[in-house]
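Asker: Based on the hints, put chains B and C in the right spot on chain A.
One line per chain: the protein sequences are A, B and C, in this order. Under this note's numbering, the letters of the first sequence match residues 1 to 132, in that order. Under this note's numbering, the letters of the second sequence match residues 1001 to 1774, in that order. Under this note's numbering, the letters of the third sequence match residues 2001 to 2322, in that order.
Just so you know, the hints here were simulated from the structure itself, not pulled from any lab data. Don't take every hint at face value.
Computed cross-link-like contacts, SDA-like style, restricted to lysine to any residue with a CA-CA straight-line distance of at most 25 Å [claimed, not checked]:
id	chain 1	residue 1	chain 2	residue 2
1	A	Lys2	B	Gly1593
2	B	Lys1005	B	Gly1462
3	C	Lys2230	A	Asp99
4	B	Lys1546	B	Phe1611
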Amino acid sequence: MKRLLDVLREDCALTGTKEGCGEGECGACTVLIDGQAVNSCLVPFAQVAGSSVTTIEGLTGAEALQSAFIREGGAQCGICTPGMILAAVALPKDADLQDIRRGLAGNICRCTGYEGIYRSLRAAAIPARAAD
Amino acid sequence: MGKDKLRLGFNGHFEEKEVEIAAGDPTPWDPSQTFSILGARTPRLDARAKATGAARYSIDVRLPGMLYARILRSHDPATVVRSLDLTAARKMPGIRAVLAIAKPGDALRFAGQEVAAVAADTPERALDAISAIRVEYGARPFVVEIDKARADGAPLVFEGKVETKTSAGDAPGAKKALPRKGNVQGPRASDKGNVAEGFGKADAVVEGTYSTQVQTHSALETHGVVARWEGDELTVWASTQGIFSVREELSQTLGVPLSKVNVITEYMGGGFGAKFGAGVEGVTAAKLAKEAGAPVKLFLDRKEEHLAVGNRPSSVQWVKAGATKDGKLTALQLIVHGGGGTNGGTGTSGPLKNVYACDNVKTEEFDVFTNSGPSAAFRAPGHPQGAFALEATMDELAARIGMDPLEFRLKNDPSEVRREEFRIGAEKIGWAGRDARRRVPDNPALRRGVGMGAAIWYNTGGTGPKATVTIHRDGSAEVVHGVQDLGTGARTMVGIVAAEELGLPLEKIAVRIGDTRMPYGPGSGGSTTTPSTAPTIRAAAWQAKKKVAASVASAWGVPEEAVVASAAGFSMNGDAGKRLSWKEACGRLPEEGVSATASRAENHPDAWKRFTAGAQFADVEVDVETGLVRVRKVVAVHDCGLVVNALTAESQVHGGVIQGISYALYENRILDRATGRMVNPNVEQYKIVGAMDVPEIDVTFLPVWDAVNNTHSVGIGEPATVPTAAAVANAVSHAIGARIRSLPITPESVLAALDGKARVAAMPGRETREGGRA
Amino acid sequence: MKTFTLLPVRSLLEGGRESAKPGSILKAGGVDLLDRMKEGLETPDRVVSIAHVPGHDGIEVGPPARIGALATLARLDSHAELRRVYPALADAAGGAATPQIRNMATLGGNLAQRPRCWYFRQAEFDCTKKGGAQCFALNGENRFHAIFDTDVCCCIHPSATAVALLAYAARVDTVGTRGKRSISIEDFFVAPREDPTRENQLAAGEVIEAVVLPAPAPGSRSVYKKLKEKESFDWPLVETAVSVSVSRGTIQDARVVLGSVSPVPRRARGAEKILAGARPSAELIARAAEAAVAGATPLSQNAHKVRLARVMVERALREILA
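Bound conformation, chain A alone (with noise of 0.2 Å):
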C-alpha cells in the first residue's frame, strides 16, 4: 500500500502535487478529494476508490485564481504552490481576510510571505461576485 501522494508524483508522473514534511503539517500535497481538500500524504491510495481526486493538473474552473496567483505575486519559489491553489479553491467566494488566513492555516509558505497569496485569493474573488 502507498500514500496516495506517491501514487500520485511517482505513478502518475503527477508531480504538481508536492511533499513538503509527510506528515500532514504543511500542505504542499494537498489535493480535493470529492472537492474536500486534504493532505495526500496522510491518505492510503486504496481509500480513494470511486472516489473523484482532483490534483493542480486536473484542476478546472480556478482559471481566475491562477491567473491573480501569476498577476499579483502569490508565487515566490512555487513549490507551495499548487497546494495552497487547492486549498484556496475551496474556500468560499465571499471569504474575507480572516476566512482565507484560516483556510490556508495548513499551509506553509516559506518565502512569499503569504501578503502576495492574500492579494490573489483577494482579486480572483472580485469578478467571482460581480458574476453572482
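Answerer: Positioned in the frame of chain A, the structure of chains B and C alone reads:
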C-alpha cells in the same frame, strides 16, 4: 575605457561624480531616465508554470529506470563505527547499490550523521534495506549544550583536527584558521580605538547578555539530487543555489573532470543559504548511480533536513556600550560564543561593527563545537543574531540617557540613506504616538509596543558571470546565463534587464538559465545574484544591440557612431529621413542573427559607495496575562539600489520579514539534553509562522543610484531579514516595559520578564543552554 | 513506511473483528495512524479501514445530541445547529489542526488519537508509553508537557473535542465483538498510573460508534477556549471548556475542564465546587480559577502553564458568567 560624469545618490541627496567605465560596458543608467519595464511590478516569467503545477523542480525529476536512494544515519550524537555489515541489505529484493559512507573507526559527531546508503527500485524497498544494514557503534561521551561544551573537561567534539564545512554564503572570516582550546575555537577579533578609554568617556554604560536559538532553514523542497551517468559524463539535477559550486564539489570528490559534470536546476523550492554544495547526499547519489548503472534520486525527508544539512547557529552575546549624555556612542564591545554544532563560522559582529558610528569598538568571536548538526550559511549569516543584541543595547542606552531611541540612532547613524529610511519608517509606523498607544482601551490584559532595528549588508556583486544575448532576425532575443532561480525571481530579472536594454517587450525575450553548460552564473548567496547578473545581462544585451546597429551602419554606409539606437529602432544622427524600425533592422541580419557574450565588469571603485541600508519597525500586541505576542504590523524601508522588479523585490522583503518574525517568536531546534537528539524534527513542533500569524507588512524602497555597476542594482534577500527580530523584540520590550534577552520570545519568557525574573547577567560567559529555556 | 494491506470493511462490528486479529489495526480518517506508521511506531500488516462505513457520520443535535463517530471535525465546526446548542464542541473541533486535517479527521479518531509527546513520537526513544522503562520528558525537554499527574508519563492528551465533551458530560457509545456499551466520557480515558501504554479503555475489537451529549440544563452556557503560541496549526499550550447553568442569579451546576495539562483530560472539581451554589462575581471567578490549578505539579520547564491554565479558566468563566 572612459570617465563619465554621473548624477548619483538618492532623492534629495544627489551629487555629481566622475566614474570610470570599462570598455564593453554600458554607462550606468541616469536618474532622469524613464524605463519601459525596469522597476515595474512584473509577474514572474515562470508564474504560470508554478500556478499550474507544470514547473519541474529537481525533486520532481523522473527518469526511465530511475532508482530511489535512502541514507542510514546515526541516532546518537557521538559514536565510533566499530563495524559495518552491508551484506543483508545487498541481498534484499530490488536493491541495486549499497554504499558505506562511514568506515569502521570513523567518529560520528552528531545524531543524524550519514553512515551508509542504498539505492532500490522503489522508495519503500530502499527504506526497508537501510534497516537491514548492521552497524556496531561504540558510544563516546557527548556534549550538546554550549555552556557545558565550553567547560574544562568537556567531552571533545573533535579530538584531532577540526573538520568543518564552509560554503559560499558563510560569514566573512569563517574559513580562517583559528586557535582552539577544548571545544572553543577563536577568537576572530577586531579592535578599533580603545574601548577602555571609550567607556571612560561615557556618561552611561549598559551591558547585557543575549542568547539566540538554532533556526533551521526549512526550505519546503528538501536537499537532494537526481544523478545520471551517461558513459563517463555525469548529469545532476540538484536543488541548489549554486549549480557551478555543486559541479565543483562533484568534480573534486568524484575525480571527474569539470567538463564532464553538468548540473541543472530548472526550478527550486528555497535554499536560504544551505544549498551551495553537492553535500553528502549529492555525492552519495552519484556514487550509487555509478554502482547501479542507473539514474538515482536521493532527496532527504523533513527530519533529515532538520538534522544534517544546516542551520543558523545559536549565540550567546555579551554586549557592552557607552554613550555621552548628549547621545554620542563612545564605545561598543562584543564577546560572542556561537554554537554551530560541528561547524564554525558562528560570528555575529557585523551589525555592531558596521551600523553605528563609534570610535572604539572591540569584538571577539568564538565558535563552540557541540555534538549537533553543522551550521550553514543562513540568510545574512550572523546578522539577525547580532542585530538583536545591538538594537536592544541601543534602546537600553537611549533609555539610560533619557533620549528617544529614534533620535539616539539618528545621532549615531553615519548612513544618510538609513537616516532617511528611519524617518520614513517612523512616520509610517506612527513612532511619535507610540507611548500613548501602549494601553489598549477596554482590554486591560493587552499592551502595544513599537520597536525598531537597522539593517546592513555589504555585497554589491562581482566579476565572474558571463551571459550570451542573441538577437534573431525576427527581432526576438534570447538570453543564456547559468544562474539559478531559487524562487527569488532571478529568471524574470534576467528577462527584464534584457528587455529594458533592447527596448523589447518581455514576451519577445527567451530566458535560459539553470544549467552549467551555459555561460557561468553566480551562486545565489550573499545577496549578490542581482548585482552580479543584472549588469552582465545588460552588458551582453548592449553589445548585441550594438552589433545590430553596426549592421545598420554598414547598410547605410555610415560609421557606427552615426547610428543611434532607441526603443523605436535605429536612426541616423542629423538625418531624419534615415530610420529603421527594430524589426526592419533585425530582418536584415544574417540567418544566425547576432550574439554577444559579455562578462561582468569590475565594480566601479569611484562609485557612490555605501553599505546597503535598511530600517524596520514592528508594532506588536502583548497579552500580559498569558505572555502571548502578536505582531500587528511591520514597516520595512530598504535600499535595494535600483529595483529591477518591484513585485519580486517586495516579495523578498515580505519573506525576510516573516522569517524574522518566525525566528523572533517561534522557531527553535530543541535538542534533548540527555540523548543529544532533536525532539522536534518536523514542522509540527518546529514552529514556522503561518497564514494566521503574519502581520500587515508595509514595504518601501528608497531608490539609490550608486553606479557600482551599470544597473545600480543591489541584492535584498539578506538585508530584509537582518533587523526584523530586533525590531519585534524591542517592540515587545516597549509594550511590557521589561527587557527580554533571549530568542525566541515565548509566553514564559514574557511572563518571566514581567515578573522581573529575567536574569540580567553582567559578565560574559553566563550559564546558558541551547534550545529550551528554564 | 512499511508495506501494508488496506482492508475496507462494511460495518463497524466487522472493523472491530478484523482489527482484533494479529498484525491488524483500525483506521477511520487515518490522520494520526499514518503519521505513526511513517515514524515506524506502528508496523501493521493490515490496516482495517472503517472510513467508508455508511451511517455513522450523522449529526443529530437533539438535544440530546448523537454524533456518529465518523463525522469529521470540519462538519462539527460548520454545523450551525450543533454550534448553537453545544458551542464548545464546535469550537474545539474547528480550532483543531488544519482545514485539510479537519476534512479527514473524525470525531472518533480525535478521541482515540495518541499523544503528541515528542519522545513518544520518535521511534528512537523507548519511553514508558511504548512499554519502555522511562519517561524521557520527566527530566527532559518538557515545556509542552503535563502539569498534573506527572508521575508515570508526562504526556498530554491531544484531543480537543474530549475537553468539550467532558464539559457536556457526554457518553461514548461503542460496538465490538463483545457487544455494545455506553461509557461515560470521564471513564473512557485511562490514566498512565493504570496503564501508560494506552489512553482509553477501548478493548481489542471495540470501536467507537457515536458520542451522545445530554440536553443542556435550562439556562446553561458553555465555552471552549484555548491558548496557542501560533494561530496557524499549533497545539494548545492549555485549553479549557466550561459549562455552567445559572438560575435566579445562582450557579446551579458547573463543569470546568482543563485540556493539554495532563495525560487525560481533567475535570477541575475544586473549581466546580466553589462555583456550585454561588452567585457569580469577579472574586468568585478568581477563586474558582485558582482552585482549578491547585495541586499542579509542573515540570522543570513548564511552570508557566499553571498560570496560563488559571488565566484561561478565569477568562472562560468571565465570558459565560458576564
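Asker: When you check the alpha-carbon spacing of B/Lys1005 and B/Gly1462, does it fall within 25 Å?
Answerer: Between B/Lys1005 and B/Gly1462 the Cα gap is close to 22 Å, so the pair holds against 25 Å.
Asker: Could you grab the alpha-carbon distance between A/Lys2 and B/Gly1593 and see if it respects the 25 Å cut-off?
Answerer: Given pair A/Lys2, B/Gly1593 is violated - Cα atoms ~52 Å apart, limit 25 Å.
Asker: Could you grab the alpha-carbon distance between B/Lys1546 and B/Phe1611 and see if it respects the 25 Å cut-off?
Answerer: Roughly 34 Å separates the two Cα atoms, so the pair is violated.
Asker: Between C/Lys2230 and A/Asp99, does the CA-CA distance stay at or below 25 Å?
Answerer: This hinted pair holds, its Cα atoms lying about 17 Å apart.
Comparing the model with each numbered hint stated earlier shows that hints 1 and 4 do not hold.
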